[in-house]
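Student: Take these sequences, add in the hints, and give me the full structure.
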Amino acid sequence: MSIVDLSGSNCLRQRLVLSILSGRPMRVSGIRCKDMDRGLNDSEMNLLKLVEKVTNGSDIYVDERGTRLMFKPGLPYGGHVDHDCGLTRSIVYSLELLLMLSPFCKHPIEARLTGVTNDRIDPSVDAIKHSAPAVMKPFFGYVDPEDLAIEVVSRGLPPDGGGCVTLKCPIRRILRPVQCLSAGKVKRVRGIAFATRVSPQIANRMVAEAKGILLKYIPDIYIYTDHLKGAKSGKSRGFGLCLWAETTTGIFYTGDAVSHPSGSGKETEAVAEDIAVEATHALLNDIYRGGAVDTQNQGLCALLMAFGQRDLSKAEFGPLTPFTIQMLRHIKTFVDLTFKLDTKSSAERNEDIDDQLKLGSKKVVATCIGIGFSNLNKTVS
1 MSIVDLSGSN CLRQRLVLSI LSGRPMRVSG IRCKDMDRGL NDSEMNLLKL VEKVTNGSDI
61 YVDERGTRLM FKPGLPYGGH VDHDCGLTRS IVYSLELLLM LSPFCKHPIE ARLTGVTNDR
121 IDPSVDAIKH SAPAVMKPFF GYVDPEDLAI EVVSRGLPPD GGGCVTLKCP IRRILRPVQC
181 LSAGKVKRVR GIAFATRVSP QIANRMVAEA KGILLKYIPD IYIYTDHLKG AKSGKSRGFG
241 LCLWAETTTG IFYTGDAVSH PSGSGKETEA VAEDIAVEAT HALLNDIYRG GAVDTQNQGL
301 CALLMAFGQR DLSKAEFGPL TPFTIQMLRH IKTFVDLTFK LDTKSSAERN EDIDDQLKLG
361 SKKVVATCIG IGFSNLNKTV S
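For the sequence shown, counting from 1, position 363 maps to 363 in the working numbering; every step adds exactly one.
Quick caveat, the hints were computed from the structure, so don't treat them as lab data. Since we're looking at a predicted model, the values are computed, not measured. Possibly wrong hints are sitting among the right ones.
Here are the simulated PhoX-like pairs of lysine-lysine, each with C-alpha atoms no more than 25 Å apart in a straight line [what the hints assert, rightly or not]:
no.: 1; residue 1: 168; residue 2: 185
no.: 2; residue 1: 187; residue 2: 137
no.: 3; residue 1: 49; residue 2: 106
no.: 4; residue 1: 72; residue 2: 49
no.: 5; residue 1: 363; residue 2: 332
no.: 6; residue 1: 106; residue 2: 53
no.: 7; residue 1: 314; residue 2: 363
no.: 8; residue 1: 185; residue 2: 363
no.: 9; residue 1: 168; residue 2: 53
Tutor: Pasting the structure below:
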């Protein structure tokens, strides 16, 4: 098949996944040519090693300066994967790639990832643990809860990590079309406040501050405290809070925050109450954005819609994130599939959709007909 020529360092995970699923090799040039730190960074090189482990026959070439990448995809294999994600990015950076790829593998993925579980760059593992399976299950049909699960074995905060996360995900021959148009109303809020190698009283202070804000809106709130000791506490000290709100239709909205890394010079600026306020406001912002798919998993939902059956799928998103917009563009590039984007008010005011999306405050209904992708490695759906 023809080679896809791309440039720049943005959205490497999307490009790798779509190259594997479409079977089209890609050539990426101009990777940070103008930056002081030229070429692929440590986290991206680590990601390429993970791709080699979960695929069979992938051919990866990176030039000496790391500014050019040639990728010839193999077949998604899956199976047991044990991978060290490094310390520059969170485990979630690699976990999101596995979630996008796992339904299409030859064998169900059972991955064990080690590294940093919570940082200030990527979402927390707890947020992905609750929100991502809720997005994927409608595409799978019935799923045993034990077959699709993300578990935090131990926590690891930057700079030294020490965390461990396990992922189990089933495979499917084909993905079902979905109609995710109703977000429902928030019926309960849950959360977890963790403290590693610091006083357990910090977790209680975060819980008290978060509940003081959330009880103004809903009474059904329960936030667990998790004070970790020994090997489960990782190698660095810190604390954080992750909150998730469940709606009447099974949608999860999330918000989280974590203290600054120890040794960064900013850890003294992080107060337990401030972290709780930051996480609570992040949750309320995600609820305000709305949609039948939470903000963090818009791109995952769009990918599964595109590679579903040749049938109509619809999903209501909140304002599209830059990651989602780039995902839609890459889907167009690799498989020549265009989504129809509409807003609820466009039919009434007859406005141009591009103008509405620029406002950044509209809920978007994304519609597509899947390309009919079939996982030939699995004979029974």
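Student: A separate judgement is required for each hint: does it hold in the structure or not?
Tutor: Hints versus structure:
| no. | hint | in the structure |
| --- | --- | --- |
| 1 | 168 <-> 185 | 29 Å, violated |
| 2 | 187 <-> 137 | 20 Å, holds |
| 3 | 49 <-> 106 | 19 Å, holds |
| 4 | 72 <-> 49 | 14 Å, holds |
| 5 | 363 <-> 332 | 22 Å, holds |
| 6 | 106 <-> 53 | 13 Å, holds |
| 7 | 314 <-> 363 | 13 Å, holds |
| 8 | 185 <-> 363 | 16 Å, holds |
| 9 | 168 <-> 53 | 16 Å, holds |
In summary, the structure is inconsistent with hint 1 from the numbered list given earlier, while agreeing with all the others.
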